[in-house]
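> Sequence:
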Amino acid sequence: MDRFLSNAVNRIDAKGRVSVPAHFRAVLAKRGYSELYALRALDMPALDVGGLDLLDRYEERIANEDPFLQAADDMSFFCHGDGAFLKLDGDGRITVTDFLREHTGIETDVAFVGRGQFFQMWEPKRFQDYRTEARARLSRLRQEGTTARMTGETE
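Per full-length UniProt numbering, the sequence shown starts with residue 1, numbered consecutively.
One or more hints might be untrue.
Stated by the list, open to error - When the alpha-carbon atoms are kept at most 27 Å apart in a straight line, the in silico BS3-like pairs for lysine-lysine are as follows: (1) LYS30 <-> LYS125; (2) LYS125 <-> LYS87; (3) LYS15 <-> LYS125; (4) LYS87 <-> LYS30.
As the list claims (entries may be wrong) - Here are the simulated distance ranges between beta carbons: (5) PHE85 <-> MET150: 47 to 53 Å; (6) LEU52 <-> GLY16: 20 to 26 Å; (7) ASP89 <-> ALA8: 16 to 22 Å; (8) PHE85 <-> ARG140: 37 to 43 Å; (9) ARG3 <-> ARG126: 21 to 27 Å; (10) GLY81 <-> ARG140: 32 to 38 Å; (11) GLU144 <-> ASP89: 29 to 35 Å; (12) ARG57 <-> THR146: 41 to 47 Å; (13) GLU144 <-> ALA14: 48 to 54 Å; (14) VAL9 <-> LYS87: 19 to 25 Å; (15) THR108 <-> GLN70: 35 to 41 Å; (16) LEU141 <-> ASP91: 29 to 35 Å; (17) THR151 <-> ALA14: 56 to 62 Å.
By construction, these hints were calculated from the structure, which means they are not laboratory data.
A quick note: this is a predicted structure, and the numbers were derived from the prediction, not measured.
Beta carbons are placed, not taken as given, at the ideal position from N, Cα and C, and that holds for glycine.
Throw the hints in and build the complete structure from the sequences for me.
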């Protein structure tokens with residue numbers, strides 16, 4: 001397995017640490033990640049977490065922007081000023097810091113959600129709400145596509 005798939009909820013321990021799910025740790029080990037980069041997701045109350053390749057992906061995008069335009073500056077601020085490195089201890093745990101809590105609303109439990117090349121960390125109720133909304137949006141798209149095909153209305 002070389003993708004972050006599925007989801008799991010783990011409780012934060014008394015020392016403020018949470019265990020990364022074993023199947024996510026296996027992907028981290030396979031990819032040789034020695035440190036984790038986390039970024040506050042732009043349009044949802046979650047953290048995007050991955051290796052340095054996640055940061056590289058954002059920096060490649062910034063490099064393609066005109067450095068004199070506001071967009072490049074905003075993108076740099078977003079990925080550099082609003083990101084952080086997370087320490088994964090020898091037992092596969094991350095300390096849940098204020099950086100994680102402020103944006104996500106995480107209190108006692110963390111939902112880990114696979115996103116293929118990276119994973120996200122969510123407050124479990126917010127994750128459930130978002131999952132319900134995303135499924136509803138996809139269901140509407142599917143229904144609209146089926147209706148368009150049945151009536152011959154394709155774009």
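> Are the Cα atoms of LYS15 and LYS125 separated by 27 Å or less?
holds, 22 Å
> Looking only at beta-carbon atoms, does the pair LEU52, GLY16 fall within the given range of 20 to 26 Å?
holds, 25 Å
> Is 29 to 35 Å a correct range for the gap between the Cβ atoms of LEU141 and ASP91?
violated, 42 Å
> LYS125 and LYS87: Cα distance at most 27 Å?
holds, 25 Å
> Between GLU144 and ALA14, does the C-beta distance stay in 48 to 54 Å?
Holds, since GLU144 and ALA14 (Cβ atoms, about 49 Å apart) stay within the stated range.
> Looking only at beta-carbon atoms, does the pair GLY81, ARG140 fall within the given range of 32 to 38 Å?
Hint holds: Cβ distance 36 Å, inside 32 to 38 Å.
> So does THR151 sit 56 to 62 Å from ALA14, Cβ to Cβ?
At roughly 60 Å between Cβ atoms, ALA14 and THR151 fall inside 56 to 62 Å, so the hint holds.
> Is 37 to 43 Å a correct range for the gap between the Cβ atoms of PHE85 and ARG140?
holds, 39 Å
> Taking 41 to 47 Å as the stated bounds, is the beta-carbon spacing between ARG57 and THR146 within them?
violated, 34 Å
> For the hint 16 to 22 Å, verify it against the beta carbon of ASP89 and that of ALA8.
Once the Cβ atoms are compared, 18 Å apart, the range 16 to 22 Å for ALA8 and ASP89 holds.
> For the pair supplied as a hint, LYS87 and LYS30, confirm whether the alpha-carbon distance does not exceed 27 Å.
Since the Cα atoms of LYS87 and LYS30 sit roughly 17 Å apart, the hinted pair holds (cutoff 27 Å).
> Is LYS30 within 27 Å of LYS125, Cα to Cα?
Distance of about 30 Å is beyond 27 Å: violated.
Hint compliance for this structure: hints 1, 11, 12 and 16 are broken, all remaining hints hold.
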